[in-house]
Amino acid sequence: EQYPSRSRRTESSMSHTAIQSRVLVAESDVEKAHQHTEWLSESYHAEPVATDTEVLGQLDALRPDVLLLDDAVLSIDQEDLLRIIDNKEYNLQIILIVDDVPDFDIVEAGFDTYVRRPLACERLRKTVTQSIHRAEYNKKLNELYTLTQQRAELDVSETVAASERGPRYAALTDRIDEVESEIDALLN
Numbered sequence: 118e119q120y121p122s123r124s125r126r127t128e129s130s131m132s133h134t135a136i137q138s139r140v141l142v143a144e145s146d147v148e149k150a151h152q153h154t155e156w157l158s159e160s161y162h163a164e165p166v167a168t169d170t171e172v173l174g175q176l177d178a179l180r181p182d183v184l185l186l187d188d189a190v191l192s193i194d195q196e197d198l199l200r201i202i203d204n205k206e207y208n209l210q211i212i213l214i215v216d217d218v219p220d221f222d223i224v225e226a227g228f229d230t231y232v233r234r235p236l237a238c239e240r241l242r243k244t245v246t247q248s249i250h251r252a253e254y255n256k257k258l259n260e261l262y263t264l265t266q267q268r269a270e271l272d273v274s275e276t277v278a279a280s281e282r283g284p285r286y287a288a289l290t291d292r293i294d295e296v297e298s299e300i301d302a303l304l305n
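For the sequence shown, this note's numbering gives the first residue as 118, with consecutive numbering after it.
Source of the hints: derived by calculation from the structure; they are not laboratory data. Among the clues, some could well be false.
Okay, the calculated beta carbon distance ranges per label pair [what the hints assert, rightly or not]: (1) Thr168 x Asn204: 18 to 26 Å; (2) Arg240 x Ile201: 24 to 32 Å; (3) Arg268 x His151: 46 to 54 Å.
For every residue, glycine included, the Cβ atom is placed at its ideal position computed from N, Cα and C.
The task is simple: from the sequences and hints, build the whole structure.
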């Protein structure tokens, strides 16, 4: 099942077309890795890996939007992996594959979403799609915050008189309206 977790800066994803969104499939079972990759390849650029060394290498090379992670792949601690991902500021959603219903230790570990085995094709696709939408939503919220802060600074600035704001100020306001509409669309 899915459990939302920590918030992380997520600036990639649905600003691309779906097929341009990248999914790294880290699965300890090679057959399952290829199966999950095949399922996801219909909608996304998906790549399989089998070890945490490959995961870390592909994070740099592929810059995925989503990491589908079987924790059996890890020879390092989950917290260490999350720390590496945060320190390098990879902007991705992490879906942890679990065998049982997640307990508090797993839920509090800091992954974005959890999916239980056995994985079914449609369930996996839906989970990845939801993760990409969540990443895009977070990205748009961050952009909206930045734009509204810029407008607020201009509104109180003595160096930018109301009469001097003109087209650039109007463009900023238009972009704020666009981002708000994009957020509404993502929520729907």
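Verification of the supplied hints:
no.: 1; hint: Thr168 x Asn204: 18 to 26 Å; verdict: holds, 20 Å
no.: 2; hint: Arg240 x Ile201: 24 to 32 Å; verdict: holds, 28 Å
no.: 3; hint: Arg268 x His151: 46 to 54 Å; verdict: holds, 49 Å
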